[in-house]
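S.K.: Chain A is fixed; fit chain B onto it per the hints.
Chains A and B, in that order, are what the protein sequence lines are. Take this note's numbering: the final residue in the first sequence is number 243, and no numbers are missing along the way. Take this note's numbering: the final residue in the second sequence is number 195, and no numbers are missing along the way.
These are calculated hints, taken from the structure and not from any lab test. Treat each hint with caution, since some may be false.
Some chain B residues near chain A, calculated using beta-carbon distances under 10 Å [what the hints assert, rightly or not]:
| no. | residue |
| --- | --- |
| 1 | Pro-21 |
| 2 | Ser-23 |
| 3 | Gln-26 |
| 4 | Arg-71 |
| 5 | Pro-76 |
| 6 | Glu-114 |
| 7 | Val-135 |
| 8 | Tyr-157 |
Glycine included, each C-beta is placed from N, C-alpha and C at the ideal position.
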Amino acid sequence: MDYQVRLELYEGPLDLLLHLIRSRELDIYEIPIAEITDQYLAFLAQADALSLDRAGEFFLMAATLMRLKARQLLPRSEELGDGEEEEELISTPEDLQARLLEYEQFKEVAQHLGEAEGRAREVFGRGYNLNFLGEETLEDRIGDVGLYELMKAFFQVMERAKREPPVHEVEQVEVNLEERIRLIRDRIGAGTRIAFSELFEGMVRRLELIVTFVALLELVRLGSLRLDQPEPMGEIWVIGKAQ
Amino acid sequence: MAGSPPLSAIVEAMIFAADRPPSARQLASQVEGISSAAIRQTIEVLNREYKARGSGLEIVEVAQGYRLVTRPECGPWVKAIRASGLPPPLSQAALETGAVIAYRQPVTRAQIEEIRGVQVETVLRTLLDRGLIRVVGRAEGPGRPLLYGTTDRFLTYFGLRSLEDLPPGREIEDLLGEGEAGPGEMARALTEGGS
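Extracted from the complex, chain B is given alone in its bound form:
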């Protein structure tokens, strides 16, 4: 059709203005005759162009979606021009607790406390308040304690595409325990079940 902007412009515009990070599939569904693979290729081309002209922006993939973001090198200036400050970085306790939940989800508070050897009530509240973890259900057994899991926001917060981006650790079997699913499988099961 005459007058239609190039695909790269369309993809760029969609990624810029979408309500939330669109996936390749979502982008492809908006353009007739274009596949997810074509979208991914277009994004690669866009990023090369940005780099070539020294742009302060780039397209990154987080939580299975694409975002147009500022380059980290420009961080100091962007922070300076923005009115709102960043919330404080997470404490070591919060990072450790988040790590345990990410790998062992769904997991109860007691199980987390067993692994870390300390109480986690305050830390759990912090992580919940920041939207990094959520209650995913209840465990069987006495008291039916709450089960926790990580959220999509957890992924964007740490700039991860998925839980599989987390380091496997020295020996992945030890970390995951016998017969438990890997962080990626857990995440898939949870996000699919949650919709």
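Just chain A, same shape as in the assembly:
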């Protein structure tokens, strides 16, 4: 087993374990914990350096395996001792087996999806790729805009504000939610519409941005305003409604 092992090839510790079990034709229903733990650790030891964030997951599994191995060696009465029962996702070999089998099935589905994706990439609809553009979806919405899209737009506003240096120091204006709600409602009457980013024009302070955003959400909730995002990932419009 001198070949260069590359952890990047595996999607995670479960993927690696599955590979070790399947390639050695071990019985997944009777996983030899001691043996698999040793092989897993040997594999980790030989592996190329992995990026820090991914390495953690592999080491957590190593710890889990060592715990399972230790439990197998200890007589039963000794293990559950002093009530230090921390919540464990995998506390028995049966747990591990269940997790591996479950993961394996999703891996299989992922394989099918990958093949389906490949086929779909060869097919095109009228004027644009039917797979990637223009399909209207029933999104979970705040008003008519998806939660994710709205948050994304707001974060963009915050980022932009961070980059703009304050032109001059204005006196600290108190930012009050009720007042902000009133201001926005006055600004955007029935039938008026402004772009989402326009709503925050000139604002630099984080607090002010946040209060304004909350005021906007409140007004949508109350029904004074509605949101619209006609193009996917495009501009979000804030539109006044007649009460």
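M.R.: This is chain B only, laid out in the frame that chain A set:
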């Protein structure tokens, strides 16, 4: 009525120019005295005609609607003539995460991470950005974590008519867990609830 084009022409034209894939029911509602069954039959006839004359087009069903699309065999030439390239195919991590969400929706990030054994934050963002998954609500309990589900675009992206087109896996009970609805039922509940 004299001068009215044949049904096949009307259906073909509607499918070609609709804003989004029309269902058989939607098509039928546009033509007086025609049922969904008749529409489906007409589409079958159209596809047979296309095939018979070696057309580069065909009508397919995705996400419960019909689309007029190019045949996969023509893929290379169509790609060459199109200006815009395709976005990169999804990573294995994205496919696995998508698979978990498709079967287990609504599902939280923590639940997905438990099944895959790895963190999914970046992958979730990719899937969200591509419009393949969406936030469908919040789970009960501490922190009220976000729940995720697949979108209609997920179906069109993979060329599926519905989640029921997904493979059942070796043992469907194991995959779905005890007492959970199948992917099809989940999808129905979500799309009905979302309108």
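S.K.: Quick check: which numbered hints come out false for this structure?
M.R.: 2 and 3
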